[in-house]
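Student: Let the sequences and hints guide you as you build the complete structure.
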Amino acid sequence: MRTAALQRMKVYWPLYAMAIPGIVFLILFKYIPLAGAVIAFKDYSVFKGFVDSPWVGFKHFETLIHHPDFARVFGNTMILGLLKIVLVFPVPVLLALMINEIRKSALKKGVQTALYIPHFLSWVIVSGIVFDFFSLSGLFNVVLGWFGHEPVLAMQESGYFRVIYVITSIWRDAGWGTVVYMAAISAIDPQLYESAMIDGASKVRQIRHITFPLLLPTVLVLFLLEIGNFLDLGFDQVFNLLTPMTYSAGDILDTYVFRTGIQQAQYSFATAVGLFQSVIGFILVFVFNRLSRKVSDGGLW
Amino acid sequence: MFESRSEKVFVTAVTALLILLSVLALIPLLSVVATSLSSKSAVDMNLVTLWPKQLTLDSWRYIIDRPDLWRSFALTLGSTLIGTVLALLMTALLAYPLSKPEFRWGGVVMIAVVVAMIFKAPIVPYFLTLRGLGLYNNPLVLIVPHVLNPFNLIIMRTFFKQFSKELEEAAFLEGCGYFRMLFQFVLPLSKAVLATLALFYGVVLWNQFQHPLLFLQNPDWFPLQIKIRQFITDDNVIMSGAVSSADLNYNERTLRAVTVIFAIIPIVAAYPFLQKYFVKGAMIGSVKG
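Protein sequences, first through last, are from chains W and A.
Per this note's numbering, the first sequence starts with residue 146, numbered consecutively.
Per this note's numbering, the second sequence starts with residue 5, numbered consecutively.
To be clear, the hints were calculated from the coordinates, so they are not data collected in a lab.
Hints may contain errors.
[To be verified] No more than 27 Å apart at the CA atoms, straight line, and that leaves these computed lysine-lysine pairs for DSSO-like:
(1) W:Lys-348 with W:Lys-254
(2) W:Lys-253 with W:Lys-348
(3) W:Lys-155 with A:Lys-104
(4) A:Lys-195 with A:Lys-284
(5) A:Lys-12 with W:Lys-249
(6) A:Lys-195 with A:Lys-165
(7) A:Lys-169 with A:Lys-195
(8) W:Lys-254 with A:Lys-280
(9) A:Lys-284 with A:Lys-104
(10) A:Lys-284 with A:Lys-165
(11) A:Lys-104 with A:Lys-195
(12) W:Lys-249 with A:Lys-280
(13) W:Lys-155 with A:Lys-165
(14) W:Lys-439 with W:Lys-229
(15) W:Lys-204 with A:Lys-124
(16) A:Lys-165 with A:Lys-104
(17) A:Lys-169 with A:Lys-104
(18) W:Lys-249 with W:Lys-348
(19) A:Lys-169 with A:Lys-284
(20) A:Lys-195 with A:Lys-280
(21) A:Lys-12 with W:Lys-348
(22) A:Lys-195 with W:Lys-254
(23) A:Lys-280 with W:Lys-253
(24) A:Lys-124 with A:Lys-284
(25) W:Lys-204 with W:Lys-193
(26) A:Lys-284 with W:Lys-254
(27) A:Lys-165 with A:Lys-280
(28) A:Lys-124 with W:Lys-229
(29) A:Lys-12 with W:Lys-253
(30) A:Lys-12 with W:Lys-254
(31) W:Lys-155 with A:Lys-169
(32) A:Lys-284 with W:Lys-249
(33) A:Lys-284 with W:Lys-253
(34) W:Lys-193 with A:Lys-124
Tutor: So this is what it looks like as structure tokens:
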């Protein structure tokens, strides 16, 4: 038995040797931080580390619930998350259905290129463009000026933050979001359209009764993934669009964790906030997955 | 093909709407380009819209002469190139055994990879762990945490799985070991997936913002995104070294526009490759994920 194992190792050892760097990476950069989340239930001390810091139970979660900042930050996160699902999520579906109707392939490519480009720009660059666009002498205010409007400093007014968040989300990622839907549409059997045309179904009816229903499972899967990221609004995006004047609308869990956890070194408290966020995301995916399996046979698992 | 009048109207309307949306998507970019090439006075008088007014390269000259910007640029380019190569190597080294049924840890490691993909650690313990590893204020933080991405790993493993067993068995009979197999046969036949993943890793490395923000305090090690963020938010940083603002042909806004375009140029240059391979990658990803 032992000789057999030895014989095996003689042939297969390179596979194990190859895997070791990757496994070490996963442990160091994924699993230790994941396990380190226990400090949400401890009073983390730099000298004692993750393991030896004393347990304090739910102390930080209680502080969190009663913290006046938390209600505001959590509220902002919920509002932006809802806006993202209601206003941003459907856009790529509509775009994909529309792009699919373009006949000339050169034009189709051109449209896709124009809509994809912003996806490759970092949020720093996007914010640079947006700040320029809404600056006092920027395009937005120049055009407002043509109609005799007073200039608006949109980036410095909290009332505009949510609008800007939604618009930048759509501008940067909605075009790119069509890729998956376009792939799903191209997998639809062309015979379905042919027989629909023989039956005299109009373009609009074909979209309604063939393309859209067959696209729905893909939409559902992406919707579930989106729900799981409900409170995960993208640190880079919000951090870069935020100004001190827009905190009241734009300060979210991610930026709050960055300020309290990293800048003010309240490690355990900020971890509790982060853990709270992950748990809510997980519960949401779980609940919506159940629901979606009830209404159709789709779902993530 | 029979087509009624209303159909034609419908298709034309949709096409027109999409062209309009494409133009709208490009307008903000165009307006920043116009600002970067316009004079200070034209910008101050609200004359600049989508094309440069009082065309000048002065803002560009000022930015091109900033050594600190070039330093950030070189640092970002270097870390992106080195990081991408390292990431492909690390990913291939783990994806290859995972694609082999004779690798007995395969099942467990695969579950570990999927769990790592789904559950993201809260940022604070992540920060503390990396600090414990000595990555605080260490420029290696621009590379090391990015060299293995679970999602990319799964894509590469899926690709490796489709290699025929016959080819490998023939090679093994010749006395070729797993290492030679991977580097001499498998990787050269995997150019398509390597190109896709190189761009996935490359864009993340080039655009990274959160890691340097969290870990790097020394301005000498600021990558391009952090540098540009400073330029966008801090008038003093961007105008430092400017003699007097009265006779200058640029202002904060035109300079900012230049820095933004400066950082976009490499992306636009790589764009034809980006689009092609990213779409391919997204397809593989959507089939698997």
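Student: Now tell me, hint by hint, if it's right for this structure.
Tutor: Verification of the supplied hints:
no., hint, in the structure
1, W:Lys-348 with W:Lys-254, "holds, 22 Å"
2, W:Lys-253 with W:Lys-348, "holds, 18 Å"
3, W:Lys-155 with A:Lys-104, "holds, 16 Å"
4, A:Lys-195 with A:Lys-284, "holds, 13 Å"
5, A:Lys-12 with W:Lys-249, "holds, 14 Å"
6, A:Lys-195 with A:Lys-165, "holds, 15 Å"
7, A:Lys-169 with A:Lys-195, "holds, 19 Å"
8, W:Lys-254 with A:Lys-280, "holds, 11 Å"
9, A:Lys-284 with A:Lys-104, "holds, 24 Å"
10, A:Lys-284 with A:Lys-165, "holds, 18 Å"
11, A:Lys-104 with A:Lys-195, "holds, 20 Å"
12, W:Lys-249 with A:Lys-280, "holds, 19 Å"
13, W:Lys-155 with A:Lys-165, "holds, 23 Å"
14, W:Lys-439 with W:Lys-229, "holds, 25 Å"
15, W:Lys-204 with A:Lys-124, "holds, 23 Å"
16, A:Lys-165 with A:Lys-104, "holds, 8 Å"
17, A:Lys-169 with A:Lys-104, "holds, 10 Å"
18, W:Lys-249 with W:Lys-348, "holds, 17 Å"
19, A:Lys-169 with A:Lys-284, "holds, 25 Å"
20, A:Lys-195 with A:Lys-280, "holds, 14 Å"
21, A:Lys-12 with W:Lys-348, "holds, 9 Å"
22, A:Lys-195 with W:Lys-254, "holds, 24 Å"
23, A:Lys-280 with W:Lys-253, "holds, 15 Å"
24, A:Lys-124 with A:Lys-284, "holds, 26 Å"
25, W:Lys-204 with W:Lys-193, "holds, 19 Å"
26, A:Lys-284 with W:Lys-254, "holds, 15 Å"
27, A:Lys-165 with A:Lys-280, "holds, 23 Å"
28, A:Lys-124 with W:Lys-229, "holds, 20 Å"
29, A:Lys-12 with W:Lys-253, "holds, 17 Å"
30, A:Lys-12 with W:Lys-254, "holds, 21 Å"
31, W:Lys-155 with A:Lys-169, "holds, 20 Å"
32, A:Lys-284 with W:Lys-249, "holds, 22 Å"
33, A:Lys-284 with W:Lys-253, "holds, 17 Å"
34, W:Lys-193 with A:Lys-124, "holds, 24 Å"
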